[in-house]
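Peer 1: Chains as they are written, first to last, in the working numbering: chain A, 132 to 343; chain B, 132 to 343.
Think of the hints as simulated: they come from the structure by calculation, not from any bench.
As the structure is a prediction and not an experimental result, all values here were calculated from the model.
A portion of the hints provided could be inaccurate.
Pairs involving identical chains hold if they fit within one copy or between any two copies, as the list cannot separate such chains.
27 angstroms max Cα-Cα, derived DSSO-like pairs, lysine-lysine [to be verified]:
| # | residue 1 | residue 2 |
| --- | --- | --- |
| 1 | 252 | 160 |
| 2 | 328 | 153 |
| 3 | 176 | 328 |
| 4 | 176 | 268 |
| 5 | 153 | 252 |
| 6 | 252 | 268 |
| 7 | 176 | 153 |
Protein chains: 2
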Amino acid sequence: MLLYTTARAPNPRRVEIFLREKGLSIPSKHIDIGRLEHRSESYTKVNPVQQMPSLELDDGTVLTESIAICRYFEELHPEPALFGTSARGRAEIEMWQRRLEMGLLLTVASVFRHSHPFMAKVEVPQVPEWAAANRPKAERFLQLFNEALAERRFVAGDEFSVADITGIVAIEFMRPARITLDPALTHVQRWFGDMSKRASVIENPPPPPSQS
Amino acid sequence: MLLYTTARAPNPRRVEIFLREKGLSIPSKHIDIGRLEHRSESYTKVNPVQQMPSLELDDGTVLTESIAICRYFEELHPEPALFGTSARGRAEIEMWQRRLEMGLLLTVASVFRHSHPFMAKVEVPQVPEWAAANRPKAERFLQLFNEALAERRFVAGDEFSVADITGIVAIEFMRPARITLDPALTHVQRWFGDMSKRASVIENPPPPPSQS
Chain A
132 MLLYTTARAP NPRRVEIFLR EKGLSIPSKH IDIGRLEHRS ESYTKVNPVQ
182 QMPSLELDDG TVLTESIAIC RYFEELHPEP ALFGTSARGR AEIEMWQRRL
232 EMGLLLTVAS VFRHSHPFMA KVEVPQVPEW AAANRPKAER FLQLFNEALA
282 ERRFVAGDEF SVADITGIVA IEFMRPARIT LDPALTHVQR WFGDMSKRAS
332 VIENPPPPPS QS
Chain B
132 MLLYTTARAP NPRRVEIFLR EKGLSIPSKH IDIGRLEHRS ESYTKVNPVQ
182 QMPSLELDDG TVLTESIAIC RYFEELHPEP ALFGTSARGR AEIEMWQRRL
232 EMGLLLTVAS VFRHSHPFMA KVEVPQVPEW AAANRPKAER FLQLFNEALA
282 ERRFVAGDEF SVADITGIVA IEFMRPARIT LDPALTHVQR WFGDMSKRAS
332 VIENPPPPPS QS
């Protein structure tokens, strides 16, 4: 297997945290977005969608999409279970994973991609109005997320799951997107403080954002 | 169980097609987006994210997110399998489901939500520049999708899956978004023609778009 990944990007980091939680180490190859290596002919052959991460299997099959890759590793290495252990539990984890992905990670990423100078060459066209529209969407979602976390230790209940991983990278990504986590969101603060102490999250934290 | 759903919206239609493929019929309650019923106090109690569909279980638990709801039904009623039958098969279906969701359904929905007068009251603010930026993204994805379909009968291989369902509603949603399916995309045309003949798709087709 070979994992194509990149630094400073939340989706590769989701898979990396997931693998560390599973205790797995997979050979990887770094693709430099800043140098537009993800648009190179050789990487486009690996993943025509030109995104990271991609997982090349030994038979040449390529899996893309972070959550598809994570679920594949869950099937190969079921313990610890990060996608749930019952029909209802799995549905609730998937629900929260997707809520965090669409409601927070995607909105924060939209702010970053459409406002940060680092992305001007990558996100064409940058639409500053779209960045502005997403900032309050992210803030509204954080309010809902805070209310949900008042009642539970982890995002989807009593157990750490892939939904927490999506939440972690989304909150981390607020820094380069220049969105402040409101100190009044005490449950999100408590949860994120707990998450930040996990070995899988501490190891190889995201590098500081490119300031330009 | 009670399924909260709405007409004229691609996500509820995904779940409806999925249920018909499984041969299941679930009691449902219609929520009228045009009258902003999804923002009412009573529906916000069901789903604080204010989106459809939501599935209320008999114990009061509410599941949201179309794919989480579909996966829950897959667990309760495994046949016919619509999420795959092997670790690699399931990963490939999830990959294609997500590619179609992010690359086509979301881009087409962005064109619709940010350009159609019907959405002016719902999508606030409408960002016409974002609609314009998504039109070529959808068209680029359709090229990739066409190349992929050259090699296979269904989206993710030899079997119909939830990835086809996402593809069907995304292509259907191009009509209200006023995006034309290029006749030169012969593999997409062939696949969509086949899909349009399925009983689960013919029954209760989406109503014509609101013209205003």
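Peer 1: Look at each hint and say if it fits the structure.
Peer 2: Status of the hints after comparison with the structure:
In this assembly of identical chains, the alpha carbons of residue 252 and residue 160 lie at most 27 angstroms apart only when taken from the same copy (23 angstroms versus 47 angstroms across copies). Proximity of residue 328 to residue 153 under the C-alpha cut-off of 27 angstroms is restricted to the intra-copy arrangement: shortest distance 17 angstroms within a copy versus 44 angstroms between copies. Proximity of residue 176 and residue 328 under a CA criterion of 27 angstroms is satisfied in neither setting, with 38 angstroms inside one chain copy and 34 angstroms between copies. When the C-alpha separation of residue 176 and residue 268 is checked against a cutoff of 27 angstroms, the pair qualifies only between copies, where the shortest distance is 19 angstroms, while the shortest distance within a copy is 36 angstroms.
Taking CA atoms no more than 27 angstroms apart as the test, residue 153 paired with residue 252 passes in neither setting, with 36 angstroms inside one copy and 46 angstroms between copies. Proximity of residue 252 to residue 268 under the C-alpha cut-off of 27 angstroms is found in both arrangements, the shortest distances being 25 angstroms within a copy and 16 angstroms between copies. When the C-alpha separation of residue 176 and residue 153 is checked against a cutoff of 27 angstroms, the pair qualifies neither within a copy, at 29 angstroms, nor between copies, at 36 angstroms.
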